[in-house]
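Can you make the complete structure from the sequences, with help from the hints?
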Amino acid sequence: MEFADLIKTPKLDGVLLHDPGTGTGSGGGATVGTLCITGHHLLLSARQENSQELWLLHKNIDSVEKKPSLSQNIVTGGLITLKCKDLRIISLEIKSAKEFYNVTASLEALSVIQNTELLYPFFYRPMYSILEDGYTMFRPELEFAKLISGMGMGGASSPNVANITICMPSTSSTSTLAGSMGGGGSIPHPLQNGYAMDALQGGLGGGNVSTGCEWRISNVNRDFSVCATYGATLIVPKAITDEQIVLSASFRDGGRFPVLSYRHENGATLMRSSQPLSIQGIKRCRADEAILNLVLGRSRKGFIVDTWGKGKSNTETDLHYSQWKKVNRSIGNVSSPASILDSFSRLIEACNDLGCSTDKWLSRLEGSGWLSLVLNSLNASCVVAQCLDQEGSPVLVHGAKGLDSTLIVTSLVQIILNPDCRTVRGLQALIEREWIQAGHPFASRHRFSCYTPHQVRNKSSGATFVLFLDCIYQLYTQFPCSFEFSTQLLVLLFEHSHFSQYGTFLCDSERERHELKVHTRTTSLWSYLNRPDVLQTLLNPLYEPNANVIWPSVAPISLELWSDLYLRWVIDQRSCATVMSQIQELVTREKELRTQALKLRKQALELSQEVCTLMNNAEDA
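The working numbering applies: residue 1 is where the sequence shown begins, and numbers increase by one.
Some hints could be false.
Pairwise CB distance ranges (calculated) [as the list claims (entries may be wrong)]: (1) D5 with S575: 44 to 52 angstroms; (2) A547 with L600: 26 to 34 angstroms; (3) K591 with S278: 55 to 63 angstroms; (4) K591 with E132: 22 to 30 angstroms.
Taking lysine-lysine pairs in the DSSO-like style, the calculated list, with each CA pair at most 27 angstroms apart, reads [stated by the list, open to error]: (5) K98 with K83; (6) K11 with K83; (7) K11 with K67; (8) K98 with K8; (9) K83 with K8; (10) K283 with K325; (11) K95 with K8; (12) K11 with K66; (13) K83 with K360.
Since the hints were made in silico from the structure, they are not lab data. The structure displayed is predicted, hence computed values, not measured ones. Just so you know, even glycine gets a beta-carbon here, dropped at the ideal spot from N, CA and C.
Written out as structure tokens, the structure is:
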């Protein structure tokens, strides 16, 4: 297929654009200009100095609505309304009937291209030099090594790093992780050989979890045959064989057997999986039981947290998992990921309704059920975090297929417990590990968004990742000084997960990305975000590193509507930007004054010493 076959009118003059993003208030702005349609973008320019230009990726278009203009029952043009995945609503007014239908047909076709290799990331070439390759920044073997050692997973150093040894099973020699980072040894590629990671007694710290429960990185899924949605590199208990992993995978929905997600500083481990399969005649899997029993170590009990809801999903039997207590913490009354998108759609519909009364708007907000999903997600995450931090017990989290609510909870737990996940790189590493490498189907979930009619969306569509970002926003509002990044980073992640020039969120799994060679044919979003000039715009000026656990309030009154995202095209946000700029100036000024005060103190000390010296000399004379 050629793009030219889909573009019936590549250029058109005299198009009137109504875009709320170019206006000064809620009424939006209007611009007359030239419309250009390329294979990946819709562009509109007034060709005037200081005028706004529209650059819109076709992938950003969620819905195309057309309204013909009639004169004496003859179509004379019409209005094309583009409802976008970034929540913007744009209208194009065209005066010619032929061009009206041509532009509509072109945009409808270009916005729903299914062939991944025809998407913009495969054509985009950055105009800047790549300082860091985002695809190699968070290699699974390095992240897992940091996970076991208890060091920061976004790249921070740790005094315990030397206590982690990575052992090749075919040789008695070992190389330390510190050596691999500093230059001495090197970590073998996970697709070459499986290797074990032994945490020495001194490096693991206290807690109830046995230090004898060692972990290894397995390559049993190197060809993605054991689990199509898992990555090629997985961390499992060292005493578990690859054969047992295969058996456990056959017992779990989609083959998603229990894998390590996070290890707390007290030694308690967080694991994730999918629910057990419901197969007649099969009541247990000894290999699956062996994995969880090894994780228990010296702990008297563990917790299995079901995020899908009691009665909706299968769970482990009490008889065969007697040391594991079952806890139901559903994130909401949802039957599929599409139900989360339905709730998100009702929320955005309410936010865009400027004509309703306050009482009606509040009623619609409550009726959307979105804030209830946010509240329940935070509640479930706090329960899991308490089990790890206060009980010192291991936790297994699963929902149905382990692709949605499970990932929300395991990710939020780490943000609550691990201060590194509250940094820019730590959050990137978390998303890479818990969402991208863990197989969250971004392509399927984000093919349609909130503006696509319910009857058109398929059941695989969802808004799970948006829900996760909203939960981070709630944590941010309660602990605004504990996050290195500002909410602007969350907005960017929302946008790029739906449409992007970068390949980070492409496809549904690592298997698909491997087949399409995404890592060599596209540019990583992390490479762009970590450029110093870009990174500076995403930092929180109020950030003060906080090594403590942050326990959020889960009372309904504590929740806030994420207006920076949901209302940014409805309510003028420039006042917020002005306030943030003023805060940045005050913080910068404070740092300058602190530096000046230190210099003055130093000078005062030196002068004081000189006075003492002179007085002593005078007394001697």
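Verification of the supplied hints:
A hinted range of 44 to 52 angstroms holds for the C-beta pair D5 and S575, which are about 46 angstroms apart. Evaluation of the 26 to 34 angstroms hint for A547 and L600 yields a pass: the beta carbon distance comes to about 31 angstroms. Distance hint check for K591 and S278: the Cβ-Cβ separation is about 60 angstroms, which falls inside the suggested range of 55 to 63 angstroms. In this structure the supplied range 22 to 30 angstroms holds for K591 paired with E132, their Cβ-Cβ distance being about 27 angstroms.
A distance of roughly 22 angstroms separates the Cα atoms of K98 and K83; the hinted pair therefore holds under the 27 angstroms criterion. For the given pair, K11 sits about 21 angstroms from K83 by alpha-carbon distance, which is consistent with the 27 angstroms threshold. For the proposed pair K11 and K67, the alpha carbon gap of about 21 angstroms is at most 27 angstroms, so the pair holds. With a C-alpha separation of about 10 angstroms, the suggested pair K98 and K8 falls inside the 27 angstroms cut-off, and the hint holds.
Restraint check: the Cα-Cα separation between K83 and K8 comes to about 21 angstroms, which is no more than 27 angstroms; the hinted pair holds. Between K283 and K325 the CA atoms are separated by roughly 18 angstroms; this keeps the pair inside 27 angstroms, and the hint holds. For the hint pairing K95 with K8, the CA-to-CA distance comes to about 16 angstroms; that is within 27 angstroms, so the pair holds. Taking the CA atoms of K11 and K66, the gap is about 19 angstroms. The hint holds against a cut of 27 angstroms.
Simply put, K83 and K360 have alpha-carbon atoms about 24 angstroms apart, close enough for the 27 angstroms limit, and the pair holds.
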